[in-house]
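Protein chains: 2
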Amino acid sequence: MNDDMAIIVQKYGGSSVGTLERIKHVAAKVIQTKKQGHDVIVVVSAMQGETDRLITLANNLTHEPDPREYDVLVSTGEQVSMSLLAMALNAKNCPARSYTGPQIGIITDHIHTKARILDVKTDLLKKDLAEGFVIVVAGFQGINPRGDITTLGRGGSDTTAVAIAAALKAEECQIYTDVDGVYTTDPRMIPEAKLLSHISFEEMLEMASLGAKVLQMRSVELASKHNLPVRVLSTFSNNALGTLVTFEDRIEQKRLVSGIAFSREEAIISINSVPNRAGVEGTILGLISEANIEIDMIAQNATDKTTTDFTFTQHRKDYMKSLNIMQKIATELGAAAVTSNAKVAKLSLVGIGMRSETGVASKMFQVLGDIGVNINMITTSEIKISVIIDEAQLEQSVKAVHDAFSLHKLMMDMQPLALEI
Amino acid sequence: MNDDMAIIVQKYGGSSVGTLERIKHVAAKVIQTKKQGHDVIVVVSAMQGETDRLITLANNLTHEPDPREYDVLVSTGEQVSMSLLAMALNAKNCPARSYTGPQIGIITDHIHTKARILDVKTDLLKKDLAEGFVIVVAGFQGINPRGDITTLGRGGSDTTAVAIAAALKAEECQIYTDVDGVYTTDPRMIPEAKLLSHISFEEMLEMASLGAKVLQMRSVELASKHNLPVRVLSTFSNNALGTLVTFEDRIEQKRLVSGIAFSREEAIISINSVPNRAGVEGTILGLISEANIEIDMIAQNATDKTTTDFTFTQHRKDYMKSLNIMQKIATELGAAAVTSNAKVAKLSLVGIGMRSETGVASKMFQVLGDIGVNINMITTSEIKISVIIDEAQLEQSVKAVHDAFSLHKLMMDMQPLALEI
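The listed protein sequences derive, respectively, from chains A and B. In terms of the numbering used here, the first sequence opens at residue 1 and continues consecutively. In terms of the numbering used here, the second sequence opens at residue 1 and continues consecutively.
This is chain A alone, in the form it adopts within the complex (with noise of 0.2 Å):
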């Protein structure tokens, strides 16, 4: 490797290798790059729709296929396209090798269909870099130290490319996929939703956790943890820069709101005026917790000394089941009454300036105030407010605080915005 030339890594999602032509597409834009004179290391994902043609020969063959071998029949979609990749650069002059994650050395826990990357070798990949050859890579694979193939689980392929970025030290982390980048909101719903140059770690990570899928969460923490620049664009289009996901010192000038993510699909369900004793949250979670239901928001009010009110929210699919566990427990624990309603969404405020400002709520709950939405519960984190509403209301609610804070006329510039109260 040349000390002179910056690392690139590169990595393009199933919809950008899923055909021949795709893959000739992408082969372009990785000789693209090591023209510009960069070492370019290349993570591919299985082509769109293997993965899953996979899984379906696996459950077709039996209801509870082997972890250890589904392991070994999924990491087969990655070799494909990865070697299709390499050959297409070949083909171009452009000196590839492929390896798969096993071959480099990505190695992972042993927890089977879910493994976590423990470290990545940089022998192999430090020698063929410095013979000057691309080298294509398998994500979403690795090894175990007894020496089985180990997948990550779905979009594992972004904290494939990440890992080995930030053992190579590498200058930039490039996640190609089939959107622009990071939205202040879902451009679908909002067509004045603009592309976000910069965005922190921080906000990311409240970002995706919300539904914004653009990068694995865990490929998130795994670049902050190693302060490796990830830069989120599009393989389809050629002049975008996309969003660079960094440090928030490393974004210079500072913006309040960053964006506003939502869900749909969400069931809130309260029981009101239960005797409040020490224990009584444990023994309501408990029992959701037994009959496999993940929750989402948890909030409690404790409205005056000997009762309290306890909400919290949850996926639609399993509304019905949550609420007669509490309508039991409810008559066991003598509260007043069991409220809930399954039609409502959760919208999200994001963004690193509220940390400093606090005018950020006071200003959302208004403007929503003002359109009539009424709002059903609040949490908040330090960089995050996130509201129940009812789900008829959320474009409308979507578009008004898009609005108030100015998101449509956020510059790709980022002129710092300021707070309008």
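Some clues are possibly wrong.
A pair counts as met if it fits within one copy or between any two copies, since identical chains are not told apart.
Claimed, not checked - Restricting the straight-line Cα-Cα distance to at most 16 Å, the calculated cross-link-like pairs of lysine to aspartate or glutamate (EDC-like) are:
| no. | residue 1 | residue 2 |
| --- | --- | --- |
| 1 | 321 | 52 |
| 2 | 399 | 265 |
| 3 | 321 | 290 |
| 4 | 29 | 248 |
| 5 | 169 | 123 |
| 6 | 328 | 382 |
| 7 | 24 | 64 |
| 8 | 92 | 64 |
| 9 | 399 | 186 |
| 10 | 225 | 119 |
| 11 | 225 | 131 |
| 12 | 321 | 294 |
| 13 | 225 | 248 |
In short, the hints are calculated from the structure, not lab data. Treat the numbers as computed from the prediction; the structure is a model and nothing was measured.
Chain B: place on chain A using the hints.
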């Protein structure tokens, strides 16, 4: 590995694992063998059609796929089938683990797409057998000393199975396929053809090279070298013992002739009365070889001291090309004529017993003469006599020779047959 337990290596071809139902059927056969008290290692090919699908991907991407990457690609076919078989075994409570060629340590040379096995590591195999696992290994693939994935070429899974069986000194290597074993001749042509219970390595090599495509030749050579009995048998019939390929001295009851192999679509070309000087054969064959035409049989008759006849056979597809070359060179060399026939077939009688018996050839020629078949060319080896005849007369010739040597009466317990001249 329990020292008292004999190791059986079983190989299942692409049609044997062609569907999920067939994979379950193979799992049942493996479990049956395991229950008989054997340690079992299973070698699998890719599911029928899968290797072709992968090759088509590569060829549609680029005209000359990089050989290293081609091997990375096509080796995924066996990885899919091995994991599915191991899943099917585990689902039936038979502990099994699958491994790729590289994982086992099937070391090959560097020749991508047609590598040769140099060594088979046995540590992992012995360890897993000792722990009671059935081991499923991907056929057709290995790893070169640089750490790259290699493939052995079509039919290479047979060689993988034999190499593993030899390395572990297995009791027997069983090649499961879609035919019952090796027949005295092709039963699709001659319904009276008999299944051979035994055949010698040498006879098998002659039969295989003549188009009885039951076993890859390289695997027969390897088995012969390591003195390893190989049994060819059907995946789809339960009671058959198939054909055991073994050393001549292990076959107690001798027979004169074991079978008749034949191949259609041959062509024959003779250059007649060519002045017989040193190097003339090299001149003729050199031109054919430069034109990338593969020739099969060669015969030369020195008709008198100054001129000679030179004859060869080849596949029909390149016939016109060869004929043009021969007509040109005949003029240059001052030969009398070029004679040819594009509609001939080859019929070969194979049998280890003919080594010590001289009457076989004359009996064969007499039988063919009796039914009015003209012989165009004859070549012989120690255990084989091949003749070139008109293709239109092939079927009646095979039947007559089959009858004359009483191959239709060959008993499965192999009573010795007398030569009746």
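Problem - Unmet hints by their number, sorted upward, for this structure - result: Violated hints (numbers, rising): 1, 2, 4, 6, 11; every other hint is consistent with the structure.
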